[in-house]
Amino acid sequence: MRVTARQLCRRKPLESMIGEAEGEASGPGGLRRSMGLTQLTLLGISSVVGTGIFFVLGTAVPKAGPGVVLSFVIAAAVAGLAALCYVELAGAIPVAGSTYSYTYASLGEGAAYLVAWCLILEYGVAVSTVAVSWGQYLNELTDALFGFTLPDAISQPPGAGGVVNIPALVVVLLCSLLLARGTRESARLNAVMVCVKLSVLVLFVAVAFTAFRASHFADFAPHGASGIGVAASAVFFSYVGFDTVATASEEVRNPRRTIPLALLLTLGAVTVLYILVSLAAVGAQPTGRFGAQADAGEAVLAEILRDVTGAGWPVVLLSAGAVVSIFSVVLVTLYGQTRILFSMARDGLVPEIFRRVDRKRHTPVGNTWIVGAGVGALAALVPLQYLADLTSMGTLVAFVAVAAAVVVLRRIAPDAPRPYKVPLYPVVPIVSAASCLYLAWLLPGITWALFGGWLVLAAALYLVFGRRHSALRERAVAHEHAAAEASTTAAQA
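Counting in my numbering, the sequence shown runs from 724 upward without gaps.
Any given hint might turn out to be false.
Claimed, not checked - Pairwise CB distance ranges (calculated): (1) D1081 / L1104: 44 to 52 Å; (2) L897 / K1083: 38 to 46 Å; (3) S922 / I1169: 32 to 40 Å; (4) L897 / L1184: 26 to 34 Å; (5) R1079 / V1105: 24 to 32 Å; (6) V1179 / T1032: 30 to 38 Å; (7) L1147 / G1014: 34 to 42 Å; (8) R1084 / R1012: 45 to 53 Å; (9) R1082 / V1187: 12 to 20 Å; (10) V919 / A1172: 37 to 45 Å; (11) F869 / I1076: 41 to 49 Å; (12) R1079 / G1014: 45 to 53 Å; (13) P874 / K1144: 35 to 43 Å.
These are computed hints drawn from the structure, not numbers from a lab.
Computed from a predicted model, the values in this text were never measured in an experiment.
Where is the CB? At the ideal position from N, CA and C, for every residue including glycine.
Turn these sequences into a full structure, and let the hints steer you where they fit.
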């Protein structure tokens, strides 16, 4: 089973990728271009603003102190540099698949396959993690409203008192049902949920700022610059997901313009919101209380509102906001994962069922239910306490690949249409890759070990299935056979 360097580095031509996408979109069984800029931006915001901002301050503030505000700025800068690279590639390659497709066109099939599995890891673990949190916040909400909670055996993750996490499984299957019914319907519901969770966070900021104390920022960096950096790697999880926007390229009207604008609008809106939330939270409460609240399993934002208002409604409000927020994150992240697999199936690297589109609903129904069943089982049955950082690791590696793709495509396809270009090229792609590697280096050693094992598994799957069924390889072999027959015929003549 010999794999040559030529096979691993074989690139998919840009014209071929765009032609396939446009051909399928115009056919009766293709994906439907049903989303505009507003819906796509809301989809991006929905995929980013999830449980991260609701709990991350409890773990980040003890590491950075009031300097956690700078940690959010650093994480936003790293995500922003990557977003600039995405903007150029999304305009040049308006096809589904996001980072996977960009890598296939620049670094070759082998790298693209590994990057795709990084994205599957990012999306799969992220969905499972937030789905587990959905059951916990649902319990908090029902307890606050009705004094009733589900038993731990069916509402907590394994390893934390649970046996089977039923709410986590239910939320994944409900989102799978919505996605299978149609992208347009899912986008409309998502827009409503985004408005709800943004309203909750804006209300938190408004109330918390009434108790703002500048003295809480006196010891700004108690653990120095290293503490702020470590906290930045932790809060980076809160920015994961904006690349989901690029997976929707084949279901968006005028993708060369819409995708880049949606990426920038998503990241800009989320960054402003996160900085305001962190400023309001630290200003309203001494930093020493954050760690104790997190250790006690309390919802930090809800506790701040309770202290400021002296009322019990903050628990209800924040729990309801988290329930809606997590549902929307599961919905959008599942969507992104199915579109990655859709693109891989079109290239022959995973089974054909992942690219079959329902002619009536214009969605990959089989793909959606397979992903939903797998992610649901992971969320319901597997302890995930050691896997959360893997989401950040998979994302950071994907961002490095995107930065590299910008540089390579500038060299091999200098004349390709680029409605938007990375400013200060090649400085921005290089700094983007370096900053992502820096944050990855700060992650725990166990994360690196698990990530290495995941890549070994991905490489094995490529050798067993992907390499043998690659559509690009089959076309290359057919071309070589045709050239050989033509040469033989010419010689005989």
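Each hint, compared with the structure:
{"no.": "1", "hint": "D1081 / L1104: 44 to 52 Å", "verdict": "violated (29 Å)"}
{"no.": "2", "hint": "L897 / K1083: 38 to 46 Å", "verdict": "violated (21 Å)"}
{"no.": "3", "hint": "S922 / I1169: 32 to 40 Å", "verdict": "holds (38 Å)"}
{"no.": "4", "hint": "L897 / L1184: 26 to 34 Å", "verdict": "holds (29 Å)"}
{"no.": "5", "hint": "R1079 / V1105: 24 to 32 Å", "verdict": "holds (28 Å)"}
{"no.": "6", "hint": "V1179 / T1032: 30 to 38 Å", "verdict": "violated (52 Å)"}
{"no.": "7", "hint": "L1147 / G1014: 34 to 42 Å", "verdict": "holds (39 Å)"}
{"no.": "8", "hint": "R1084 / R1012: 45 to 53 Å", "verdict": "holds (49 Å)"}
{"no.": "9", "hint": "R1082 / V1187: 12 to 20 Å", "verdict": "violated (32 Å)"}
{"no.": "10", "hint": "V919 / A1172: 37 to 45 Å", "verdict": "holds (39 Å)"}
{"no.": "11", "hint": "F869 / I1076: 41 to 49 Å", "verdict": "holds (42 Å)"}
{"no.": "12", "hint": "R1079 / G1014: 45 to 53 Å", "verdict": "holds (50 Å)"}
{"no.": "13", "hint": "P874 / K1144: 35 to 43 Å", "verdict": "violated (56 Å)"}
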